[in-house]
Amino acid sequence: MRLSHFDYHAPETVAQAIALMQAKPGARLMAGGTDLLIKMRHAGLKLQDVISVKSIKGLNTITVDENKGLSIGATALLADVALHPDILKYYPTVAQAARGTANAQVRNMGTVIGNLCNASPAADNAPTLLAMNAEVEIHGPGGQRRMPLEQFFKGPGITALQPAEIVTAVHAPKLAPHTGTAYISLSARGQLDCTAVGVAAMIVLKGKACEEVRIFISSCGPTPVRALKTEAIARGKELTEAVIEQAGNQAAGEVKPIADVRASAGYREKMVAVLTRRVLSQAYTRASE
Amino acid sequence: MKDFSIVGQSVPRNDGRAKATGTAVYTDDIKLPGMLHGKILRSPFPHARILHIDTTRAAALPGVKCVIVGEDTPKIKYGNWRLFPDTQDEYPLAIDKVRFIGDEVAAVAAVDADTAEEALGLIKVDYEELPGVFDIDSSIKEGAPVLHDYCPSNISVNRKIHYGDIDKAFAESDYVREDIFTVHAVSPAYLEPCAAVAQCDLDGRITLWTSTQVPYIIQCLLASTMNMRENDIRVIKPFVGGGFGGKMELRTWEFCAAFIAKKTGRPVKFTLTREEEFLAGRRRHGMKLYSKVGFKKDGTLTGKDLKIYLDGGGYNAMGPTATFLCGTFGAMLYRYPNYRFLGQHVYTNKPPASAMRGFGAPQSLFATETQMNIAAEELGIDPIELRIKNAQVTGDKIPDVATISSCGFIEALQKAAEMSGWKEKRRSPKPGQGIGIGCYSFISGGVFNWFNTQYPFSAAEVRVFTDGTAHLLTMAADIGQGCDTVLKQILAEELGLKMEDIRITSADTAVTPQADLGAWGSRLTMMNGNAVVQAAKKIKAKLFGAVSAKQNLNVIHELDCKDGKVFPKGRPERGISFGDAVALVQKANRGEPIVERGYYTPRDKGLVTPAFSFGAQIAEVDVDPDTGFVKVKKFWTAHDCGTVINQMAVEGQLEGSIQMGLGYALSEQFVMQGGKTLNPNFLDYKMPNAMDVPPSEVAHIHTYEPEGPMGAKEAGEGLAIPTAPAIAAAVHHATGYRCKDLPITPEKILAGKRQ
Numbered sequence: 001m002r003l004s005h006f007d008y009h010a011p012e013t014v015a016q017a018i019a020l021m022q023a024k025p026g027a028r029l030m031a032g033g034t035d036l037l038i039k040m041r042h043a044g045l046k047l048q049d050v051i052s053v054k055s056i057k058g059l060n061t062i063t064v065d066e067n068k069g070l071s072i073g074a075t076a077l078l079a080d081v082a083l084h085p086d087i088l089k090y091y092p093t094v095a096q097a098a099r100g101t102a103n104a105q106v107r108n109m110g111t112v113i114g115n116l117c118n119a120s121p122a123a124d125n126a127p128t129l130l131a132m133n134a135e136v137e138i139h140g141p142g143g144q145r146r147m148p149l150e151q152f153f154k155g156p157g158i159t160a161l162q163p164a165e166i167v168t169a170v171h172a173p174k175l176a177p178h179t180g181t182a183y184i185s186l187s188a189r190g191q192l193d194c195t196a197v198g199v200a201a202m203i204v205l206k207g208k209a210c211e212e213v214r215i216f217i218s219s220c221g222p223t224p225v226r227a228l229k230t231e232a233i234a235r236g237k238e239l240t241e242a243v244i245e246q247a248g249n250q251a252a253g254e255v256k257p258i259a260d261v262r263a264s265a266g267y268r269e270k271m272v273a274v275l276t277r278r279v280l281s282q283a284y285t286r287a288s289e
Numbered sequence: 001m002k003d004f005s006i007v008g009q010s011v012p013r014n015d016g017r018a019k020a021t022g023t024a025v026y027t028d029d030i031k032l033p034g035m036l037h038g039k040i041l042r043s044p045f046p047h048a049r050i051l052h053i054d055t056t057r058a059a060a061l062p063g064v065k066c067v068i069v070g071e072d073t074p075k076i077k078y079g080n081w082r083l084f085p086d087t088q089d090e091y092p093l094a095i096d097k098v099r100f101i102g103d104e105v106a107a108v109a110a111v112d113a114d115t116a117e118e119a120l121g122l123i124k125v126d127y128e129e130l131p132g133v134f135d136i137d138s139s140i141k142e143g144a145p146v147l148h149d150y151c152p153s154n155i156s157v158n159r160k161i162h163y164g165d166i167d168k169a170f171a172e173s174d175y176v177r178e179d180i181f182t183v184h185a186v187s188p189a190y191l192e193p194c195a196a197v198a199q200c201d202l203d204g205r206i207t208l209w210t211s212t213q214v215p216y217i218i219q220c221l222l223a224s225t226m227n228m229r230e231n232d233i234r235v236i237k238p239f240v241g242g243g244f245g246g247k248m249e250l251r252t253w254e255f256c257a258a259f260i261a262k263k264t265g266r267p268v269k270f271t272l273t274r275e276e277e278f279l280a281g282r283r284r285h286g287m288k289l290y291s292k293v294g295f296k297k298d299g300t301l302t303g304k305d306l307k308i309y310l311d312g313g314g315y316n317a318m319g320p321t322a323t324f325l326c327g328t329f330g331a332m333l334y335r336y337p338n339y340r341f342l343g344q345h346v347y348t349n350k351p352p353a354s355a356m357r358g359f360g361a362p363q364s365l366f367a368t369e370t371q372m373n374i375a376a377e378e379l380g381i382d383p384i385e386l387r388i389k390n391a392q393v394t395g396d397k398i399p400d401v402a403t404i405s406s407c408g409f410i411e412a413l414q415k416a417a418e419m420s421g422w423k424e425k426r427r428s429p430k431p432g433q434g435i436g437i438g439c440y441s442f443i444s445g446g447v448f449n450w451f452n453t454q455y456p457f458s459a460a461e462v463r464v465f466t467d468g469t470a471h472l473l474t475m476a477a478d479i480g481q482g483c484d485t486v487l488k489q490i491l492a493e494e495l496g497l498k499m500e501d502i503r504i505t506s507a508d509t510a511v512t513p514q515a516d517l518g519a520w521g522s523r524l525t526m527m528n529g530n531a532v533v534q535a536a537k538k539i540k541a542k543l544f545g546a547v548s549a550k551q552n553l554n555v556i557h558e559l560d561c562k563d564g565k566v567f568p569k570g571r572p573e574r575g576i577s578f579g580d581a582v583a584l585v586q587k588a589n590r591g592e593p594i595v596e597r598g599y600y601t602p603r604d605k606g607l608v609t610p611a612f613s614f615g616a617q618i619a620e621v622d623v624d625p626d627t628g629f630v631k632v633k634k635f636w637t638a639h640d641c642g643t644v645i646n647q648m649a650v651e652g653q654l655e656g657s658i659q660m661g662l663g664y665a666l667s668e669q670f671v672m673q674g675g676k677t678l679n680p681n682f683l684d685y686k687m688p689n690a691m692d693v694p695p696s697e698v699a700h701i702h703t704y705e706p707e708g709p710m711g712a713k714e715a716g717e718g719l720a721i722p723t724a725p726a727i728a729a730a731v732h733h734a735t736g737y738r739c740k741d742l743p744i745t746p747e748k749i750l751a752g753k754r755q
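Note that the protein sequences, when read in sequence, are chains A and B. Heads up, the first sequence is in the working numbering, so the first residue is 1 and it goes up one at a time. Heads up, the second sequence is in the working numbering, so the first residue is 1 and it goes up one at a time.
Wrong hints could be hidden among the right ones.
As the list claims (entries may be wrong) - When the alpha-carbon atoms are kept at most 25 angstroms apart in a straight line, the in silico DSS-like pairs for lysine-lysine are as follows:
#, chain 1, residue 1, chain 2, residue 2
1, A, Lys-46, B, Lys-124
2, B, Lys-430, B, Lys-389
3, B, Lys-740, B, Lys-307
4, B, Lys-430, B, Lys-633
5, A, Lys-154, A, Lys-57
6, B, Lys-565, B, Lys-540
7, B, Lys-676, A, Lys-39
8, A, Lys-256, B, Lys-633
Unchecked claim - Each pair of labels, with its calculated beta carbon distance range:
#, chain 1, residue 1, chain 2, residue 2, range
9, A, Gln-48, B, Asp-112, 19 to 27 angstroms
10, B, Glu-128, A, Lys-256, 52 to 60 angstroms
11, B, Glu-128, A, Ser-55, 16 to 24 angstroms
Hints are computed from structural coordinates only; laboratory data are not their basis. If you're wondering where the values come from, they're calculated on a predicted model, not measured in any experiment. Quick reminder that beta carbons are idealized off the backbone N, C-alpha and C, glycines included.
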């Protein structure tokens, strides 16, 4: 498809980016361009203005702080997150999700924040961050605010961002002791593919029982779906095989997936049960270690 | 085994460096002064009558230089089966009807590709939508919508084979097994989308650079559809990024580039997008196969009754050949004393299926091999033992087909079993694991001449020079499979030269000798190799005569060429350099350069192929019981390709075939709805990539094919066959799910596994 003519802007500060977005209401922000350019070339998205955030200094920062937790800047590459030694050590599931996103070429251009802002129900980086209760940092004409990631996704391709707002970072809190996380996704091709169904979980243990459980399911609804009733089954309990089995069945009942070219609805539902069992058991083991 | 110098070595490919360094020039890299860029308008409907086309707005768009529709062309149909003009059912641009989503309706050439694309949106086509048929069963039903007026049944080709007494055979069998199989369409998915550049000179002659497997066929069919003389068309094949059968016919953009170049006087380039390739490109045939086989209690095959319907899509394309070959391959591998085959090629409102690696054999042999595995289980015989009991051997005669002149099938079965630890793994598999076998046989080029060429099937010209070098000219098309390298190796071996002593010019119809039917059906090593050997032998005869005269040798002396020298075998110290020998011949002929031609046309070799290859492949899988995901842990392959000309090239072919077979078995498919392809990209068309390909081990079974050059025969195409049945058998071993309906998906496994 013909790429329409557009103006390319490369602001150097967040304030400039916001001002540009105000001046060019139809403009779209771009980091790696691995989603946006595809939409422009193959899905008929015609833009007058594209605003790159890559020239904004400091936005690619990744920090892991003992007290404040993890912070990933808007232009930090998927490849950088996947290989960051502190993320690998303290937030291994975040690194795993980044490493499982698309292929090496895309990871070298694309960003975690871009993956979130694209708001695909299949986004690989969303479920884990959601499970960890992450927040997005938003800058806009009205100043700076923080929003739980859980409130950020509104539908396929739709976020809670207001006009001229920009996500500058995502923050995951410092994980409590005895916390375990896990994320598993499935797709038709073994190694390198778009997720057909995925489940992430975080478990915080008190003794042998789950003090806190958060479960998010991707690719099974218009946004990643939180499995609240499933969480309730596991919360306060020791995760025996029976509890895990029950949780899996419940999770499958909490989603209403569609059939598409990647999987049938029935298969997705079944796999939600399987993956929920597996992530609960993995997260439980990790939390116990 | 003969003693070879270069043949049998791992010789790096001729094109390797150029491709790795990016200096290889593909068709799309060609830029000519004043060149226009073309785009094709395609039908949005699977079946519709064209009522009216208005191109005025498109033609008026600034930058647009030419817009053509079917009515502007000479309206001559084309198709590779020239011998049977009835089968030629395709126009370069639709005349009255469109028959699939993506059928070509109009073409635009403009100063750049974006303008041409914009102009496509300005062409107004009035269609009258017609009901469509999207599967075999609906298409052959009484009263189904008819795609082509000439063919009211929608069955465009019938092929029958019958020998022995099949009914008697079944009556006398102890065990008869009947199954219905369905196999799906997949994409050749070559890395280089199709492209063509045409230029017309002031005398009206056309030069066409095109990404093709068949330069000679393009030359002839372009001439006939343009209403021109063959010699006024020159087709040049630049570097080609794969074909796998998908580039072996004249196609719309080749015609349109030439036609518009002639009309405008400016060069024109068309390059397809990946989306066009997936939406409208050629595919491997989906098929429905009804197979019935009979056995004696001891496992001896008594006969087979096979009926195959091919889902052909909107046009015949190479479907007639696939119909022919899936019947031939239904009777290969094993000794079927009685055999009956009916093949029917069925039109549907989908993109035309055509040749693709294996050309009907992967489908046919998926059924054969799966049924063999079922029978083995039900007869209580080990699947490899059952195969060995019925395996074809050297000297076997297949009625109306051929006598098998070399066959290492039994050795391949034994070797594959040994390498893989078959017996132990088969007897006591680990939980979730399984091991299974699939086998293949394939042709080394076709004997059939449905193209009705008046030339030899293959030709080679060899020129030798006083500096000790040689120049090989051949119309053979290297499309990435490596024939330039292999033919150079064969010539180097025969003349005793080194690879770097040989220059090759290939696949230019105005320069290279007539003719060559192209790169398909695994024909080039066999057929062009033989032509090269013949030309080289003629050169040697001249050199030997001159050297013999110069050295006053007794006539009983035999001479040889080796290591750049020509010498009497019995007196190697009296050899002279190759270049000096050439100079002697030239001197004797008052300067006339040495040029010789060799030809090959299979004769007295039956109706199918001069030689068959054989092989066996074993797959070991791990199946996740909850998700149904299959991970192939390893492949073991033992194959008989006669003499291995180039180890590295054969092993590369094997790796590629495993990747392709893996996709065919497990993940690749077109998701279709009402004739529309819903997954026209590599994100959702699940072709395995390098990370998905498991390790594999290979053994070459040594045979010597008397008909082949230096004993060689087919390698690499047949290997696309065994992978899917081997995986299916291994999945069955692991889970109890027997796949008769490719691909093997996790959902089917979960539904069909043992509880």
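Practice item. Of all the hints given earlier, name the ones this structure violates by number, lowest first. Key: Violated: hints 2, 5, 8, 10 and 11.
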